[in-house]
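Asks: Chain residues, written in single-letter form:
There are 2 protein chains.
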Amino acid sequence: MTLLVQKYGGTSLQTPERILNVAKRISNTVKQGYSLVVTVSAMGHTTDELIELARQVSSNPPQREMDMLLSTGEQVSAALLAMALSDFGHRSVSLTGAQAGIYTEQVFNKARIMDVKTDRLKKELNDGKIVIVTGFQGITQDDEITTLGRGGSDTTAVALAIALNAQQSEIYTDVDGVYTTDPRIVKEARKLHSITYDEMLEMASLGAQVLHPRSVELAKMYNMKLLVKSSMQEVDGTEVIGEVNMELAQPVSGVTLDTNQAKVAILRVADKPGVASKIFGTLARNNISVDMIIQSIHGDVTNDMAFTIARDDLEKCVEVLKSLNMGDIISDDNIAKVSIVGAGMIGRPGIAAKMFESLASAGINIQMIATSEIKVSCIISKEFGREAVKVIHQAFELEKV
Amino acid sequence: MTLLVQKYGGTSLQTPERILNVAKRISNTVKQGYSLVVTVSAMGHTTDELIELARQVSSNPPQREMDMLLSTGEQVSAALLAMALSDFGHRSVSLTGAQAGIYTEQVFNKARIMDVKTDRLKKELNDGKIVIVTGFQGITQDDEITTLGRGGSDTTAVALAIALNAQQSEIYTDVDGVYTTDPRIVKEARKLHSITYDEMLEMASLGAQVLHPRSVELAKMYNMKLLVKSSMQEVDGTEVIGEVNMELAQPVSGVTLDTNQAKVAILRVADKPGVASKIFGTLARNNISVDMIIQSIHGDVTNDMAFTIARDDLEKCVEVLKSLNMGDIISDDNIAKVSIVGAGMIGRPGIAAKMFESLASAGINIQMIATSEIKVSCIISKEFGREAVKVIHQAFELEKV
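If you're matching them up, the sequences are chains G and X in order.
Read in order, the letters of the first sequence are residues 1 to 401 in the working numbering.
Read in order, the letters of the second sequence are residues 1 to 401 in the working numbering.
Any given hint might turn out to be false.
Because identical chains share one entry, a pair is satisfied inside a single copy or across any pair of copies.
[Claimed, not checked] Here are the simulated EDC-like pairs of lysine to aspartate or glutamate, each with C-alpha atoms no more than 20 Å apart in a straight line:
no., residue 1, residue 2
1, Lys-354, Glu-243
2, Lys-129, Asp-143
3, Lys-117, Glu-144
4, Lys-117, Asp-142
5, Lys-191, Glu-144
6, Lys-272, Asp-176
7, Lys-110, Glu-217
8, Lys-278, Asp-127
9, Lys-31, Glu-188
10, Lys-272, Asp-332
11, Lys-122, Glu-144
12, Lys-122, Asp-142
13, Lys-322, Glu-234
Bear in mind the hints are in silico, worked out from the structure with no lab data behind them.
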């Protein structure tokens, strides 16, 4: 029998009614003759509620105990889903990360999966059962419970699919696929039939928030086909695969908008070796992730160093930079990052220029630019964010197949 | 260092504030130089809430999955307590039943503990940590999660105390000890300093609901001293031990009242062998527990067979009996069972007579009587229940030490 691994997120399991809905979908899939492993997130806002409880008993909860606490969320939804399936007349079994043989390194709160020992999984599958596995968690060789960090359930699904040599890993979520851009901004936004792992990675880290980047990386590494689908509607989703047909592919697959960034600049720092490493090394030690970095030359012996960070880190970042005493600091959290992503832009000149041109024709000023092989990002004033997405989407005619 | 095992119930852990209160008590005990293993129930009404969730997704949840579900409750409270202790500056570690090596038989929902493999527990204790263990649960040899049934956390505490050869097992609860009777009924009720295992067993199953009977049985079997104390107040509790000083002991230790019973009688059933076994065998197969049984003789070839059951079972019981078609059935749920319990009544005649006399002098009619070595129970009309407890408490002068 063909094996599928499905993952259902917290929104899809938020209430008993939704759990029954998921059970019904699983039941239908099984009736089509598939063998199934299902991995689940915690119901709705459970994880946030548990974090809040922890905050109320400790100012600095030990990470090991956080994992003991948080791992219960998926155990609840896994057990409930198995119960619901029993009412649909199916034999199923829920397994914790430990029972499913998901071994991780001993790094609490953000463990990486080292190995999946599939004995128990295969035994239950061979026994004809639907196997429900708690997402987001595993066990160490020393029998300690670990969690994989936010979004870890996607990673669990991909890891199980790889370990069990499944046909594909299906991620069921509250959106019905990956769109050319946010449909709330551009109503003509089109659902993509296919997208490459690399494009998805750029889309995910740029705020599309459909798939966790780690799961995409893992799928890419083992060439495991991912399918993003709605858990609510019966419609086609988006497949995430190694390569789309380059002949048919449009140069740009999607436009993303990120408004949770802030821009920081240190003015007129000395133009000498070691300056950048001092700035960014200090930020790294303070756990502040830097996204775009632009160094501009004044023509004298000083440079301006500008970069973007998550807006939540702004206050801390400015404080850290002041302690370095390297130059005047200016900051701005009134910005947006608009990006185009597309594997098809490789080897096609003029894509970036077309993006800049569409922004210019709408009177939108570009403050910073950064590019990679398959992405171009521009920092603009926040008030123009949504407008920028619209004009770019239109310029590249993304609404057309 | 002297090792204590403490157990905190759900009411004592109902809110983050109460968890912090428990952490403070534990902190104080550790500062007195004790080594500690603490076992916890689920917070407040968590277990009931989980059961309600299960009911909403399944008409008949598989018992295995119920145990997967319910076992999360204690994992949450154990992790939170470990976090709170960390804020008090203590090193602690929370362990699931599996991690703590609590092996049970594979009977879901009401497993019995077969063995406690103490390697991990001893390792953590030797490492100077306070060990928090999830109550109410264990693991089977096949790596299946089991629960011990309601009140199982008391049993966990006693089992851990025995396995680790602790000095005593302390049960912290929302009452501050075992009283001669319910202080809400008799305001002069006196807290007992000591009570025997046997007396406690009679008290527990008669509705005192302070300690789970299984835990008392286990403690009795290994002569493990139990201490029942308040988790809220700093007052002496009640110790449950093998023998109290018989010279000083009063014949009666306590008076209990149970108003959750119903009386059923089958009139004029044939007086021949096999009748009782047919009635009570049928009830047992229908999972109805029978308490008191009275067979009265008519002087002809028929008997009346009367017995008491839990009131919740009444409807089902009558239905089952009707299907037997053995005689007219009468039932009454307007009854109360009042009992006296005391190891000191062994070998002292007149104790039962004194009880009957006190009821008679208050004009309370006795419908049924049952006795054991250390207990006398009377079924009376429910309206006289509280009055009966008062007059008996007074007759035996239980308010006096």
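Asks: Hint by hint, where does the structure go against what was stated? Just the numbers, ascending.
Replies: Violated: hints 1, 5, 6, 8, 9, 10 and 13.
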